[in-house]
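**Student:** Mind docking chains L and U on chain E? Use the hints.
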Amino acid sequence: MILQIASTLAYILLSAALIFAFIRLVEGPSLPDRVVALELLASLTVGFIGVYVLVSGATPFLDVAMVLALTAFLAAIAFARYLEKGGHREDDD
Amino acid sequence: MIALTWNLLLALIWVALWGEFTAANLVVGLIVGYLVLAFALRDMPAFASYVAKVPRAIRFFFWFNRELIRSNLTVAYDVLTKTHYMRPGVIAVPLEASRDGEITIVANLISLTPGTLSLDVSSDRKVLYIHVMYLTDEAEVVRSIKDLERRVLELMR
Amino acid sequence: MMIDLLVGVLLITGAGFMLVAALGVWRMPDLLTRMHATTKAGVLGAGLILLGVAIHFFDTTVTVRVVAIVGFVMLTAPIAAHAIGRAGYFIGVPLWEGTIKDELKGRYDEAQHTLSSGPADQDKDAS
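Chains as they are written, first to last, in the numbering used here: chain E, 1 to 93; chain L, 1001 to 1157; chain U, 2001 to 2127.
For reference, chain E alone in the conformation it holds in the complex:
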């Protein structure tokens, strides 16, 4: 019962967080800002997976969270490389 309420509340908080991160992702204003927002979206998804695993008992999803954290990190590094060593300097919009 307690867990039911707590997980629902956690879902609500995480969803609100997703909305704010998404606003930053759309607004920019520069590409690094968007990359930061994307990284936050990835860690929010890790949080979502954690809550879901707790509610459903499907522990294999923890592996998904691990891989997601890994790929998000690699994506951030790749974006940083791309920004530093070439590519367009200003955002095109």
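Treat the hints with caution; some may be incorrect.
[As the list claims (entries may be wrong)] List of simulated lysine to aspartate or glutamate pairs, DMTMM-like, C-alpha gap at most 25 angstroms:
no.	chain 1	residue 1	chain 2	residue 2
1	U	Lys2101	L	Glu1140
2	U	Lys2101	L	Glu1096
3	E	Lys85	L	Asp1100
4	U	Lys2101	E	Glu84
5	L	Lys1146	U	Asp2102
Derived from the structure by calculation, the hints contain no laboratory data.
**Tutor:** Only chains L and U this time, still in chain E's reference frame:
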């Protein structure tokens, strides 16, 4: 390093003797192994330094977690109040850590402690550039970073 | 019962810190201050939620995975922040107008991608 291997080995023997691999057994085995090493091999320098390091590492762990929570509370405070109180700035802090691993750990921990975010290390590895949220008292900020670096180096060397 | 309560508190505070991180990303004035919010609050938020998972199941395989994920996030989040911050600084993302000091200014070598440790006029003899 050899002492840590021995400690793990003793813990595994303990687990094998109990015949059941559980987290509780492993933790108890580690503690018992540590006590055995601390008592039986206290004359050998490699083991003596290990015995001294473990309590320091545990204290460091708790200290770090406290700092992490404190930093989150300050971030939460910043986010939820008006941003005008911030005095952000980028400062250069001289580094004592020289090896790559040490610099990595120091820089990571700086990022996770309150109000500071490590940006870059100079190419000659002498200076760490740090973004600080409240740069009202620069000497105080540098002092706390030096304190953190000292704690890390104490543990690593 | 007590454990359920503890897990529930961990879940809600973790999700709350993640919301703080998202609010920070939304409200903070420039790239570097935004990264302050995501690295710290993101790590602690995910860590608290996963700690709740570990306590709830109290099982070796779950605990090992949780420790791996949290350790990995703690290790990578600051490194990602460093890489993005450096890239952002390099391509000239403007700092907030309230920034009172910038010792990094002019110390990057645009062509060599190196960073000097002293004032800009000193690094010529070092290279």
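**Student:** None of the hints should be skipped; say for each whether it holds.
**Tutor:** To see whether the hints hold, each was checked on the structure:
Straight-line distance between C-alpha atoms of lysine 2101 of chain U and glutamate 1140 of chain L comes to about 15 angstroms, which keeps the hinted pair within the 25 angstroms bound. For the given pair, lysine 2101 of chain U sits about 23 angstroms from glutamate 1096 of chain L by alpha-carbon distance, which is consistent with the 25 angstroms threshold. The hinted pair formed by lysine 85 of chain E and aspartate 1100 of chain L meets the criterion: a straight-line CA distance of about 23 angstroms does not exceed 25 angstroms. For the proposed pair lysine 2101 of chain U and glutamate 84 of chain E, the alpha carbon gap of about 23 angstroms is at most 25 angstroms, so the pair holds.
The suggested pairing of lysine 1146 of chain L with aspartate 2102 of chain U holds, with an alpha-carbon distance near 20 angstroms, which does not exceed 25 angstroms.
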